[in-house]
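This is what each chain is made of:
Protein chains: 4
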Amino acid sequence: MGFEVTIRVYWEDTDAGGIVFYANYLKFFERARTEWLRSLGLHQRALREREGGMFVVSEASVRYLRPARLDDELVVTARLEEAGRASVVIAQQAFLRPPGGGAPDSAALLAEGRVRTGWVDAQRLRPARIPPLVAERLAQASGLSLHPFTNPTA
Amino acid sequence: MGFEVTIRVYWEDTDAGGIVFYANYLKFFERARTEWLRSLGLHQRALREREGGMFVVSEASVRYLRPARLDDELVVTARLEEAGRASVVIAQQAFLRPPGGGAPDSAALLAEGRVRTGWVDAQRLRPARIPPLVAERLAQASGLSLHPFTNPTA
Amino acid sequence: MGFEVTIRVYWEDTDAGGIVFYANYLKFFERARTEWLRSLGLHQRALREREGGMFVVSEASVRYLRPARLDDELVVTARLEEAGRASVVIAQQAFLRPPGGGAPDSAALLAEGRVRTGWVDAQRLRPARIPPLVAERLAQASGLSLHPFTNPTA
Amino acid sequence: MGFEVTIRVYWEDTDAGGIVFYANYLKFFERARTEWLRSLGLHQRALREREGGMFVVSEASVRYLRPARLDDELVVTARLEEAGRASVVIAQQAFLRPPGGGAPDSAALLAEGRVRTGWVDAQRLRPARIPPLVAERLAQASGLSLHPFTNPTA
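So the protein lines, in turn, are chains A, B, C and D. This note's numbering puts the first residue of the first sequence at 8, with every later residue one more than the last. This note's numbering puts the first residue of the second sequence at 8, with every later residue one more than the last. This note's numbering puts the first residue of the third sequence at 8, with every later residue one more than the last. This note's numbering puts the first residue of the fourth sequence at 8, with every later residue one more than the last.
For the record, the hints were derived by calculation from the structure and aren't laboratory data. Beta carbons are placed, not taken as given, at the ideal position from N, Cα and C, and that holds for glycine. Hints may contain errors.
One-sided and incomplete, this derived list gives chain C residues near chain B with beta-carbon spacing under 8 Å [claimed, not checked]: (1) Tyr17; (2) Trp18; (3) Glu19; (4) Glu37; (5) Arg38; (6) Leu77; (7) Asp78; (8) Thr84; (9) Arg86.
Covered stretches of chain B (chain A as the covering partner; in silico rule of three or more C-beta atoms under 8 Å from a C-beta of chain A) [as the list claims (entries may be wrong)]: (10) 32-42; (11) 57-65.
Taking the hints into account, I'd like the entire structure generated from these sequences.
Here it is as structure tokens:
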């Protein structure tokens with residue numbers, strides 16, 4: 008499943024339907040991407056100060072399979088699926104942690120999606136090539152070689 | 008462009024990148040869908056009390072073209088694109104309102120997406136057929152006939 | 008009641024208790040303060056670009072009297088209560104709009120609070136004196152003279 | 008400092024000022040209260056199903072001392088300060104975790120506040136006496152005896 012984080016469902020995440028509000032899965036996915044980057048030594052605030060750029064989402068899609076509720080514990084994953092010079096695609100899933108703990112199985116899948124996030128310069132927000140330091144870390148961690156083998160326009 | 012609402016960007020909508028946080032477009036889209044339903048006489052809290060059901064999103068996708076910033080005024084649209092017995096697909100767009108006011112043109116498109124939302128019974132959250140009252144209002148408003156001509160499994 | 012804005016309660020605002028989540032009243036209050044400032048010709052993004060500073064909240068308190076629910080229409084107010092060289096205190100209330108419309112009475116009061124917001128330079132976030140342009144507009148609008156008669160350390 | 012949780016600052020928590028949006032401290036405080044209750048064996052969703060009631064905030068106040076930023080790690084505390092038949096007051100603080108880890112000192116205090124939360128029946132949201140099971144757990148954990156020594160009208 009790739010990198011994973013544990014996320015608890017709090018009151019703030021739910022809505023009057025008694026379930027997690029649909030937009031909040033994009034928050035959960037973002038937390039998982041951020042922790043995955045951190046696990047690679049990529050800290051986004053520091054990156055912005057040093058490299059003058061940041062990742063900005065250009066596409067996101069989510070399928071919602073089962074609702075989550077207050078007090079549920081979720082396992083949220085991030086896996087590099089595609090990498091280009093200027094953007095990467097991350098596949099993400101949210102599972103319900105089984106009541107007794109342990110790894111969730113596929114029946115526990117609550118939502119899944121894909122997020123394309125592109126590098127932009129932080130001032131003008133124009134797309135830019137992912138800095139070499141960042142590209143290397145992503146490549147090493149994923150087993151994908153980011154620049155040579157991928158779509159240069161992505 | 009179909010039904011539209013005006014939405015102001017407040018501090019709560021922005022993030023440290025200086026732009027609207029990507030998940031918040033799903034909030035804006037939801038507000039536009041809710042106001043579109045309200046314009047058809049469909050009030051979701053009342054519907055739930057009377058019909059025992061509610062709409063729950065089953066799929067959402069967004070393409071982000073240009074960022075929005077604090078104090079921007081957005082025009083957010085909702086248009087019924089597809090209708091089935093148990094779910095509908097809404098096409099949605101967010102535009103930047105021109106500084107002098109007036110209707111935005113296509114160059115002002117900030118984000119666009121599609122949202123599939125299905126009817127569920129509010130207790131068990133199981134998919135159910137859209138109640139006749141709701142289906143009729145949607146059909147009249149959209150010029151689509153909801154049940155006869157559409158995919159019965161959607 | 009001072010300046011007021013109308014705010015609709017959407018799914019995003021509610022929680023699994025079926026009511027507006029308590030933190031979201033601070034969002035509503037912020038929207039009312041922002042629109043009040045805008046009504047005085049004070050646009051916060053422009054102010055930051057021109058003056059290099061912004062308002063940051065230093066104290067907030069809220070009393071919650073009655074809950075609000077999905078689809079409710081609220082009237083949220085902002086009134087300058089106290090003004091100093093570096094900060095102002097805004098008194099704020101949220102009322103339920105009566106079903107038939109019109110002005111809410113005191114029985115419709117849902118929440119009320121006070122927010123102290125101070126001027127800081129945007130780079131280092133250090134407290135600073137409110138710029139003369141901003142102070143003048145606040146003074147004219149409120150009938151309070153901001154600088155001479157108020158606590159210089161506030 | 009009482010019970011504490013660790014909370015990471017994500018993009019969703021920040022605003023265009025580059026800092027954590029002021030309302031979001033109430034989210035952080037809520038998470039700390041929820042985890043504190045959970046540590047006492049009090050699970051709010053289960054409580055609601057079993058007891059038919061829930062805690063709803065009736066008063067909240069926050070003082071903001073220093074801003075938090077993206078990627079910061081916070082330590083957020085909850086401590087029972089006052090207990091009545093129908094409500095409790097929780098004192099809460101948010102500290103910046105030192106870069107090298109370890110316990111934050113008082114210079115790292117970012118925000119502090121007090122939250123009064125009252126028990127209500129979940130259907131009609133009317134104030135009610137805290138159920139004995141809940142009152143006992145709170146009393147044992149806190150060293151406060153909830154009912155005999157406290158203000159019966161609180």
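Results for each hint:
1. Tyr17: 5 Å, holds
2. Trp18: 6 Å, holds
3. Glu19: 5 Å, holds
4. Glu37: Holds, because the Cβ-Cβ distance from C:Glu37 to chain B comes to roughly 6 Å (cut-off 8 Å).
5. Arg38: 5 Å, holds
6. Leu77: Since chain B brings a Cβ to about 5 Å from C:Leu77, closer than 8 Å, the hint holds.
7. Asp78: 4 Å, holds
8. Thr84: 16 Å, violated
9. Arg86: 19 Å, violated
10. 32-42: The restraint on the stretch 32-42 of chain B holds, since 3 of its residues have a Cβ under 8 Å from chain A and three suffice.
11. 57-65: Check passed, 4 qualifying residues.
Hint compliance for this structure: hints 8 and 9 are not met, and every other hint is.
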